[in-house]
Amino acid sequence: MTSPSLKLIVEAALIAAGGPLTLDQILALFPEDERPDRAEVTGAVRELQLDYADRGIEIAEVAGGFRVQVRSMVAPWVARLWDEKAPRYSRALLETLSLIAYRQPITRGEIEEIRGVAVSTNIVKTLTEREWVRVVGHRDVPGRPALYATTRKFLDYFGLRSLNDLPPLAEIRDPEVLLDDQLALETPVEDRFPAIGHQRPAAND
Amino acid sequence: MTSPSLKLIVEAALIAAGGPLTLDQILALFPEDERPDRAEVTGAVRELQLDYADRGIEIAEVAGGFRVQVRSMVAPWVARLWDEKAPRYSRALLETLSLIAYRQPITRGEIEEIRGVAVSTNIVKTLTEREWVRVVGHRDVPGRPALYATTRKFLDYFGLRSLNDLPPLAEIRDPEVLLDDQLALETPVEDRFPAIGHQRPAAND
Amino acid sequence: MALETASAGLQQEMPFAVVQGAPLLTLPQDLYIPPDALEVFLDAFEGPLDLLLYLIKRQNLDILDIPIAEITDQYMEYVELMRELRLDLAAEYLVMAAMLAEIKSRMLLPRVESEDDEGGDPRAELIRRLQEYERFKQAAEDLDALPRLERDHFPVHAGIPPGFLQRTPPDVDLRELLVALRGVLARAQLFTSHRVEKESLSLRERMSQVMERLRGRSFTEFTALFDVAEGRAGVVVTFLATLELTKSSVLELVQNEPFAPIHVRLRESNQESDDIAVA
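For the record, the sequence lines run as chains V, S and H. So the first sequence is numbered by the numbering used here: it starts at 1 and just counts up by one. So the second sequence is numbered by the numbering used here: it starts at 1 and just counts up by one. So the third sequence is numbered by the numbering used here: it starts at 1 and just counts up by one.
Honestly, the hints are just simulated from the structure, not real lab data. One or more hints might be untrue.
As the list claims (entries may be wrong) - Straight-line distance between alpha carbons at most 35 angstroms, and here's what the computed DSBU-like set of lysine-lysine pairs gives:
(1) V:K153 to H:K247
(2) S:K125 to V:K7
(3) H:K247 to S:K85
(4) H:K57 to H:K137
(5) V:K153 to V:K125
(6) S:K7 to S:K153
(7) S:K153 to S:K125
(8) S:K85 to S:K153
(9) S:K7 to V:K7
(10) H:K247 to S:K125
(11) S:K85 to V:K7
(12) V:K125 to H:K247
(13) S:K125 to H:K57
(14) V:K125 to S:K7
(15) V:K125 to S:K125
(16) H:K247 to S:K153
(17) S:K85 to H:K137
(18) S:K85 to S:K125
This is chain V alone, in the form it adopts within the complex:
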């Protein structure tokens, strides 16, 4: 078998690298005695750039070297590959959010005390990045814990004019109201929270 052409190797390496490759990195793919000139490698890259003129990918020159990337023209379609991956929020996140909404301003420690488990940094990060929650101050106690509150965006997202539009706690605590009213959910509530299923009045079945 003859050795594949320099261009094929450069192409495969650039596409497989998953990031920019410098000229030196490309040269390092060859054993010393077979190593091409720098000019040959740049030549191969230029040829590939021409080849890609009517393709879905292109070779961009960045500070770190050469990088194969999706052509901007098709990027909006390709970007949807990752759209699908946004997973549903965990129950822990929703519980944390609801506690911030109802008990703001509240510290992480207070949330943990009510939930009985630690609140992961990721949850706080996600809620902050989504701009539903932000730090409005610090409680002036040792450790100066951050106080979290909900934002305007939070209200907008859920179509609320103010927090007063949220159902009062008493209603939420009463399973009957919750089940009969706002929460005519597809899944029966007890399936999601088997631990508290017993609280549901038998009459509801």
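Dock chains S and H against chain V, hints included.
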């Protein structure tokens, strides 16, 4: 700006995905009212396969869909991009994996019976962590042992489209039939092993 | 004497093991092999079936017609050797030794004339197991030979130019939020020490608003917090929110002298010295 051709989008998506894409995943890149036919997408993939005939990359069909990968011809060069050597797997692991692949669903006990030795917990852990194998149920016998089966990741890793692509298992020759035939022609057993002939009477009890 | 017979059968060209590159052609009856070499040898086998298969193949014998006495003796010698060297021999090897001995003794029985008795060759079960194991030993080799990721195949992944990736966050229904809250409350009630009080949400909201207003400022005049346009209820809520925040160490109320204007500020903006005092 006119919309880019289907082929360009399919190419960019496959090259960007970093793993196999199913037809459905490709179709999902398009808004419903612009969604191409499945046949059009497969057509585009076939065209790309032809285009790549003299390139450093190729499109393979695996269980998870279509995957763009480095052409084997240039793989030895490209492999130098990564410092770590490809992992090697022990015979014990490969034998266990083969048994799960060919005999699924199978319990650990059944694997041990065929291999004649205990299956180490580490092997099961490695196979599970690599997501090549997972528990698909439990056999309804005392102890309810877990039943293992291979995953799509396993197929993708070994470049298979389905379990049918596995190399065929060797035929089993029926010992009963063959033995009976042979024994009829053979000298009496005790003639072949004179050295231990004295044990004969005692063993009969 | 059985050992002698067996070792005669061992004088074949094929080495029974290769230890660190050097083939071992004869069984070491005088124990001239260093123990770690035998450990290597033992490691090379996946178990008793694997060792048996090796012994059979080494002599180009057919699995279907194993000279059981010979193979048994060879097998026993290995096992004995391992035991003498106090190598950690897996129990499976001993179980197999017992099985071989049993087959061997049954083979020595005169063959009964009536064919239906006992159902055939005593080696049958062993042969079945050897064949079955051999298939999967082969299958494992075949699997290992398949071109695979990381070693033979390298999937590609080109980047996306910046600005196109927008991770759409998941949708949340208000009902999901309420169900979650109800879950926490129900759980919190299980621990009687925790109590989530029934509390006016407008008060909570106002607390956040007051904090927001005071953020980044030093002292703010207390009265500036109130918006008379909100009417009586609004003023009361603000007043309660301020008290609540003061109580929970968020706000600080300062009045320099009696009847002077009251000022309010977030305690977090205090000087370092204040922090120490609080701590």
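Below or equal to 35 angstroms on CA atoms is what counts here, so check K7 (chain S) against K7 (chain V).
holds (23 angstroms)
Pair hint outcome, K247 (chain H) versus K125 (chain S) [Cα-Cα no greater than 35 angstroms]:
Measuring from Cα to Cα gives roughly 53 angstroms; hence the hint is violated.
Satisfaction of hint between K125 (chain S) and K85 (chain S), Cα-Cα up to 35 angstroms
OK: K85 (chain S) and K125 (chain S) at ~21 angstroms, within 35 angstroms.
35 angstroms Cα cutoff - pair K247 (chain H), K85 (chain S):
violated (62 angstroms)
Would the hint linking K85 (chain S) and K153 (chain S) be met if the CA-CA limit is 35 angstroms?
holds (21 angstroms)
Hinted pair K125 (chain S) and K57 (chain H), Cα distance within 35 angstroms:
holds (33 angstroms)
Against the 35 angstroms threshold, does the CA-CA distance of K125 (chain V) and K7 (chain S) hold or violate the hint?
Roughly 39 angstroms between the alpha carbons, so the hint for K125 (chain V) and K7 (chain S) is violated.
Taking 35 angstroms as the top limit, are the C-alpha atoms of K125 (chain V) and K247 (chain H) close enough?
holds (28 angstroms)
Are the Cα atoms of K85 (chain S) and K7 (chain V) separated by 35 angstroms or less?
holds (25 angstroms)
Holds or violated: K7 (chain S) to K153 (chain S), with C-alpha atoms at most 35 angstroms apart
The hint holds at about 27 angstroms.
Given the hint that K57 (chain H) pairs with K137 (chain H), test it: the Cα-Cα distance must not exceed 35 angstroms.
holds (13 angstroms)
For K153 (chain S) and K125 (chain S), compute the direct alpha-carbon distance and say whether it is at most 35 angstroms.
holds (16 angstroms)
Of the numbered hints listed earlier, those contradicted by the structure are 2, 3, 10, 14, 16.
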